[in-house]
Each structure stands twice: as C-alpha cells, then as structure tokens.
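Heads up: the sequence lines are chains A and B, in that order. In terms of this note's numbering, the first sequence opens at residue 1 and continues consecutively. In terms of this note's numbering, the second sequence opens at residue 317 and continues consecutively.
Bear in mind the hints are in silico, worked out from the structure with no lab data behind them. Note that the Cβ used here is the ideal one computed from N, Cα and C, for glycine as well. Check each hint, because a few of them may be wrong.
Claimed, not checked - In silico DSS-like cross-links for lysine-lysine, where the CA-CA straight-line distance does not exceed 27 Å: (1) 154/A - 213/A; (2) 69/A - 449/B; (3) 385/B - 92/A; (4) 351/B - 69/A.
Unchecked claim - Pairwise CB distance ranges, derived in the manner of DEER restraints: (5) 198/A - 463/B: 48 to 54 Å; (6) 116/A - 468/B: 31 to 37 Å; (7) 308/A - 427/B: 40 to 46 Å; (8) 386/B - 116/A: 44 to 50 Å; (9) 414/B - 223/A: 37 to 43 Å; (10) 171/A - 351/B: 46 to 52 Å; (11) 162/A - 388/B: 47 to 53 Å; (12) 10/A - 589/B: 55 to 61 Å; (13) 417/B - 216/A: 32 to 38 Å.
Spelled out from the first residue to the last, the chains are:
Number of protein chains: 2
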Amino acid sequence: MTGAERDLRAFKFERILNQDTGRKTLNLLGTIDGKPAIITAEKTAFNAARAPLFVSPSDGLQSLTLLQKNDIYHWFLASIQQSTDDGDAAAKVNLIYPCTDVHIKKYSAQQIHMVVETPEVYQQYVTKYIEGKVAGGRLNWVYNILEHREESEKIVFEDGDKLMGFILLPDLKWDLVTLTALYLSAIVHRTDIRSIRDLTPDHIPFLRSIRSKILTAASERYSLAADQLKIYVHYQPSYYHFHLHVVHVSHDMGASATVGKAILLDEIIQTLEVMRLVGEKEMGYRDLEITYLLGEEHDLWRKIFEPLKEGRAPSI
Amino acid sequence: MTGAERDLRAFKFERILNQDTGRKTLNLLGTIDGKPAIITAEKTAFNAARAPLFVSPSDGLQSLTLLQKNDIYHWFLASIQQSTDDGDAAAKVNLIYPCTDVHIKKYSAQQIHMVVETPEVYQQYVTKYIEGKVAGGRLNWVYNILEHREESEKIVFEDGDKLMGFILLPDLKWDLVTLTALYLSAIVHRTDIRSIRDLTPDHIPFLRSIRSKILTAASERYSLAADQLKIYVHYQPSYYHFHLHVVHVSHDMGASATVGKAILLDEIIQTLEVMRLVGEKEMGYRDLEITYLLGEEHDLWRKIFEPLKEGRAPSI
Numbered sequence: 001m002t003g004a005e006r007d008l009r010a011f012k013f014e015r016i017l018n019q020d021t022g023r024k025t026l027n028l029l030g031t032i033d034g035k036p037a038i039i040t041a042e043k044t045a046f047n048a049a050r051a052p053l054f055v056s057p058s059d060g061l062q063s064l065t066l067l068q069k070n071d072i073y074h075w076f077l078a079s080i081q082q083s084t085d086d087g088d089a090a091a092k093v094n095l096i097y098p099c100t101d102v103h104i105k106k107y108s109a110q111q112i113h114m115v116v117e118t119p120e121v122y123q124q125y126v127t128k129y130i131e132g133k134v135a136g137g138r139l140n141w142v143y144n145i146l147e148h149r150e151e152s153e154k155i156v157f158e159d160g161d162k163l164m165g166f167i168l169l170p171d172l173k174w175d176l177v178t179l180t181a182l183y184l185s186a187i188v189h190r191t192d193i194r195s196i197r198d199l200t201p202d203h204i205p206f207l208r209s210i211r212s213k214i215l216t217a218a219s220e221r222y223s224l225a226a227d228q229l230k231i232y233v234h235y236q237p238s239y240y241h242f243h244l245h246v247v248h249v250s251h252d253m254g255a256s257a258t259v260g261k262a263i264l265l266d267e268i269i270q271t272l273e274v275m276r277l278v279g280e281k282e283m284g285y286r287d288l289e290i291t292y293l294l295g296e297e298h299d300l301w302r303k304i305f306e307p308l309k310e311g312r313a314p315s316i
Numbered sequence: 317m318t319g320a321e322r323d324l325r326a327f328k329f330e331r332i333l334n335q336d337t338g339r340k341t342l343n344l345l346g347t348i349d350g351k352p353a354i355i356t357a358e359k360t361a362f363n364a365a366r367a368p369l370f371v372s373p374s375d376g377l378q379s380l381t382l383l384q385k386n387d388i389y390h391w392f393l394a395s396i397q398q399s400t401d402d403g404d405a406a407a408k409v410n411l412i413y414p415c416t417d418v419h420i421k422k423y424s425a426q427q428i429h430m431v432v433e434t435p436e437v438y439q440q441y442v443t444k445y446i447e448g449k450v451a452g453g454r455l456n457w458v459y460n461i462l463e464h465r466e467e468s469e470k471i472v473f474e475d476g477d478k479l480m481g482f483i484l485l486p487d488l489k490w491d492l493v494t495l496t497a498l499y500l501s502a503i504v505h506r507t508d509i510r511s512i513r514d515l516t517p518d519h520i521p522f523l524r525s526i527r528s529k530i531l532t533a534a535s536e537r538y539s540l541a542a543d544q545l546k547i548y549v550h551y552q553p554s555y556y557h558f559h560l561h562v563v564h565v566s567h568d569m570g571a572s573a574t575v576g577k578a579i580l581l582d583e584i585i586q587t588l589e590v591m592r593l594v595g596e597k598e599m600g601y602r603d604l605e606i607t608y609l610l611g612e613e614h615d616l617w618r619k620i621f622e623p624l625k626e627g628r629a630p631s632i
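Take the sequences, apply the hints, and build the full model.
Structural data, given as structure tokens:
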C-alpha cells in the first residue's frame with residue numbers, strides 16, 4: 001500500500017461539496033490526520049473497445065436486475081466486470097491533500113432555486129440591483145471592447161452603426177480551435193438595452209437585423225452553415241449591456257444553454273411579434289413573468305428572492 | 317433468470333451507435349434471435365448516501381491504483397463495491413427489443429441543424445408527419461400507462477380527471493435513487509393535445525392547474541422545495557401525447573433541457589397569456605415560428621427540412 005493510498009484510506013468524511021449526476025462526479029470534503037482534504041471522484045466512461053463483450057457475464061455485465069418492462073422497453077440495473085488494471089476501473093479518484101479554502105470553494109456546489117420574477121418584483125427591486133451593476137464603471141471593460149481600446153485584435157466581425165451595430169468576438173470559454181465547441185459573443189453598440197426586460201416590439205427590426213448579420217458573419221468566418229449556429233441570450237445576464245451568445249449546435253453547453261437561463265433569440269422575436277398584435281397598449285418583456293434558475297450565492301437570491309420566499313422585505 | 321435477462325444475454329453485438337464520454341453513456345446496436353435490438357447503457361451516479369463510506373475497502377473503494385502524484389495532488393483509478401440490490405449498481409442498462417429504424421436513428425450520433433418551423437410548414441407538412449406518429453398503435457405504451465395496464469406500481473401521483481388530470485411517474489432516465497438526478501414525466505389524461513402546437517389561451521387554466529399539482533405532488537413525495545423543480549416540455553417531443561418533464565434544478569440534463577429542444581412550462585403559459593390579449597382572433601402556438609434543433613436522422617429533417625433547405629419539395 002503506497003503512502004498516497006494510506007492517506008486516502010485515512011480520509012475522514014465531513015460533507016459532500018458537490019455532485020454532478022449527469023457527468024457522474026462527486027466532490028467530498030474531509031480530513032486526514034486533522035488536515036483538510038478533498039476527494040473528487042468521477043465514474044469512468046464505458047470502454048468502447050469492450051463493447052462487443054458488453055453482455056458477457058464474464059467480461060461485461062455481471063449481475064442484472066430487471067427494474068421494469070413495458071412492451072419492447074426493458075430496463076435493468078447491472079454490475080460490470082471491472083479491474084483497475086485494464087482501464088475498466090469504476091472511477092477516477094483524485095485526492096487534494098492538504099487542501100486550502102480556495103480548493104474547497106472551487107469544488108463546492110451552490111444550491112439552485114427556480115424563481116418567478118413578476119413585473120412588479122422587476123420594477124420594484126431588480127431594477128435597483130441592475131442600477132448598481134452598471135454604476136461606477138462596472139461596464140468599462142465592455143466599452144473598452146466597443147471602442148477598440150481592448151481585444152480589438154480578437155474581433156471577428158463588426159457593424160459600426162451606433163444603433164443597429166454590434167461586435168462579434170470569441171468567448172473566453174472557446175479554445176479557438178474546436179469548431180464544434182465554437183462560442184462567440186455578440187455585443188451590441190447601443191447602450192440603452194440592459195437585458196431582455198428592456199425589449200419591446202419596437203426592437204424587432206433591430207433584433208432581426210443583428211440575427212441575420214451574426215449568422216452571415218460567423219458562418220462565413222468559420223465555414224459553417226448558418227443552421228449550425230444557435231443564438232441565445234441569458235436572463236439574468238452576467239453583465240447588463242445587451243449581448244448574445246453564438247454557439248455551435250453540436251456543443252453541449254450544459255448550464256449556459258439550459259432553459260431557465262438561456263432564451264433563443266428567435267423565441268424572443270416571436271414573443272415580441274405577438275406583443276405587437278396586442279393593440280391596446282405598448283407591451284414589452286417588462287410585462288412578463290420570467291422564471292429562471294438562481295444560485296444561492298447570487299445577490300438577487302440573497303437580497304430579493306430569499307427574503308420574498310421567507311415573507312421578509314427585500315434588502316436592496 | 318427472467319425472459320428479459322435471457323434476451324439481453326442473447327444480444328449479438330453489431331456496432332456502437334453513439335457514445336458520450338462526458339455523461340458515460342453507450343448505445344449499442346445488435347440482434348437477438350435475428351431481430352434488431354438496441355442496448356443503451358449509462359454509468360450510475362455516485363450514491364450520495366454512501367459518501368461517508370467512500371474510502372472504506374469493504375463498502376466503498378476497493379482496489380486502488382495510484383496513477384500519479386504531484387505535490388498535494390494525487391490521481392487514482394479505483395474499483396467500487398457495488399451490488400445491484402441497494403442502488404449502487406455500476407450502470408443502468410436499457411434494452412429496446414425488437415426495435416425499429418426509428419429507434420436506431422434516435423440513439424445514433426448525428427449532425428444537428430437549427431430549423432425554423434413556420435406556421436405554414438407546420439400546417440402543410442409537420443401535421444402529416446404527426447398523424448403517422450400516432451397511428452397504428454404507436455401510442456399504445458402511453459395508453460398502457462394511463463389505463464394502469466403497465467407501470468401502475470411506479471405512479472408517484474395521479475389526478476384521474478379525464479380533462480384536467482395526469483399521471484406522474486419516474487422517467488426511465490432516473491436511477492430512482494439520486495435525488496438531485498430526479499427526473500419524472502407527467503403524462504396528461506386528455507388525448508387532444510399532440511404537442512405545444514395544439515396549445516391556445518384556452519389551455520391556460522389547464523396548464524396552471526397541472527403545474528401546481530405537479531409541484532405539490534413531486535415536492536411532497538420527495539421532500540423537496542417546489543423551487544427545486546423545473547418543468548418543461550419538448551418540441552419536437554419524442555411522442556405526440558402531451559407530457560411534461562419534471563427535473564431537479566441541480567441536474568445538468570444536457571440536451572434534454574437545452575434551448576432549441578426544451579421550453580419551460582412557465583414560458584409557455586406567459587406566451588399564451590400574451591396571445592390572450594390579442595383581441596382580433598383566436599391565436600395559438602400553431603401561429604408561431606418555432607426554432608429548434610433537429611438531427612439529420614430525424615424524419616422531419618430528411619422528409620421536410622432538408623428538402624426545403626435545398627429548394628426541393630418535401631416528400632411527406
């Protein structure tokens with residue numbers, strides 16, 4: 001038994017920091033000899049080379065338990081022949097020991113809540129929050145891009161028009177190489193749209209125009225068909241200057257493209273088109289209930305939605 | 317050994333249809349008694365309840381192999397104590413047998429396109445496609461559930477009302493153990509809604525009613541807060557009897573919850589509310605352009621959207 005293994009076996013469990021049931025990972029916090037330690041574990045992927053042996057009791061599936069059968073559909077739980085020697089181990093296990101608070105934060109999950117933001121809550125509280133997020137030069141980094149003071153060498157395409165224009169450039173999340181992981185940001189030049197909440201039917205021509213320009217520019221630049229790209233916005237966005245996410249359709253964006261966070265540009269345009277048909281008054285996204293995912297670490301949760309959930313007054 | 321297990325053991329491997337190393341899934345095509353069969357396998361998530369025993373050689377990690385060590389970082393491969401009885405199985409294994417070409421397409425890796433389905437394309441072509449999908453007993457497995465002929469023991473909650481009612485039961489993607497991976501389906505009793513295309517403002521009371529009943533039933537049954545659940549539908553759905561997906565907010569559902577495939581129930585209700593304000597005529601989702609992701613193997617791509625893209629007449 002190696003010293004490293006002895007350390008791992010001496011791990012005293014404290015709590016689960018995070019778990020991803022989609023990707024089958026688990027992060028644990030504990031101590032070894034009284035010093036903090038983190039174990040991160042990930043189930044291994046299936047070994048494709050052994051696929052031909054998959055149903056073999058000796059080389060593949062061992063015990064099988066039938067859970068359910070309906071017509072042609074059957075589902076089982078199974079155990080699998082595994083040995084850590086031939087790459088068929090059950091899991092990859094990492095130990096960080098001794099670890100720091102920085103490690104602990106990095107590997108911790110935050111609780112997520114589904115919140116319903118009514119027009120009233122938006123007007124009364126969220127607008128105040130947004131004012132704080134755009135004050136004191138917090139958007140200077142965006143203006144630096146728009147005015148070519150920063151990152152101008154990264155610009156993929158620009159329409160310089162102050163009203164209809166935008167800048168298209170790679171997002172930091174993209175490695176710039178893997179085409180199926182393509183991730184661009186389109187930042188508009190106009191500064192009067194903080195988020196989708198500011199959109200009204202009057203913006204339809206603007207949105208249709210940037211939609212077609214983004215698709216043309218990105219598909220030409222990267223030799224893609226336009227229907228290989230999806231364009232969406234976030235609500236809440238990470239910063240309050242209107243921008244769009246342009247992503248390859250084959251890229252599993254996980255949280256970034258999930259409902260409750262992302263809204264397709266086309267869907268926004270359609271909703272605005274319906275609003276335009278509503279004669280009596282000028283309608284906009286400000287008039288909708290918007291339901292979205294919010295982490296407990298987010299100020300909007302702490303200052304607005306948690307108090308409201310607990311019947312307290314928001315502290316903003 | 318059950319008949320189902322005998323079938324699975326008799327599976328003759330042909331080829332790998334798809335593999336996702338991030339989510340640890342594997343789809344295999346083969347034959348059983350000469351008839352085509354699909355095995356879809358997914359490694360199980362870690363059982364959080366057993367986290368305190370994670371490093372125990374008897375109840376958790378068995379053999380350990382140290383791959384590398386660098387300062388405070390250590391990498392191991394491990395095998396894990398597992399039994400299919402206590403929810404610690406290595407994998408969920410689904411068998412579809414005998415399967416059709418549609419199943420094979422559904423579980424194969426494929427090129428994806430973003431398509432815009434106009435009201436005209438829906439009326440002229442997609443409705444014909446849907447008619448084919450509901451004919452010839454293709455929805456029998458759904459009616460088996462609704463009429464308690466199958467899976468009745470799995471029902472989490474039922475409102476038996478033929479108009480407002482629905483059945484809530486676990487989706488086969490859920491391992492039934494990991495709460496943060498909770499995945500339920502709500503299948504409505506009424507048979508007059510094929511997809512969101514059939515929804516109009518008249519359905520708002522129905523949708524609000526099932527929304528609140530689903531949230532109450534699921535949160536009580538699994539001791540969750542209602543804001544720990546997200547409810548969405550798919551367009552296109554995998555079958556044309558109206559159903560909803562009920563998922564834990566912390567579960568990264570990947571493609572299932574991504575924009576261009578999933579639409580939040582709350583968002584649908586809001587859109588219908590705006591439509592209700594449109595006086596002049598009865599509006600519904602049938603009147604919208606709907607943009608969504610479509611795989612090349614999907615009949616809607618081959619028969620409708622690919623021909624349209626190439627300026628040919630759809631062959632449906």
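Against the structure, the hints come out as follows:
{"no.": "1", "hint": "154/A - 213/A", "in the structure": "18 Å, holds"}
{"no.": "2", "hint": "69/A - 449/B", "in the structure": "22 Å, holds"}
{"no.": "3", "hint": "385/B - 92/A", "in the structure": "14 Å, holds"}
{"no.": "4", "hint": "351/B - 69/A", "in the structure": "18 Å, holds"}
{"no.": "5", "hint": "198/A - 463/B: 48 to 54 Å", "in the structure": "50 Å, holds"}
{"no.": "6", "hint": "116/A - 468/B: 31 to 37 Å", "in the structure": "34 Å, holds"}
{"no.": "7", "hint": "308/A - 427/B: 40 to 46 Å", "in the structure": "45 Å, holds"}
{"no.": "8", "hint": "386/B - 116/A: 44 to 50 Å", "in the structure": "47 Å, holds"}
{"no.": "9", "hint": "414/B - 223/A: 37 to 43 Å", "in the structure": "42 Å, holds"}
{"no.": "10", "hint": "171/A - 351/B: 46 to 52 Å", "in the structure": "47 Å, holds"}
{"no.": "11", "hint": "162/A - 388/B: 47 to 53 Å", "in the structure": "52 Å, holds"}
{"no.": "12", "hint": "10/A - 589/B: 55 to 61 Å", "in the structure": "59 Å, holds"}
{"no.": "13", "hint": "417/B - 216/A: 32 to 38 Å", "in the structure": "37 Å, holds"}
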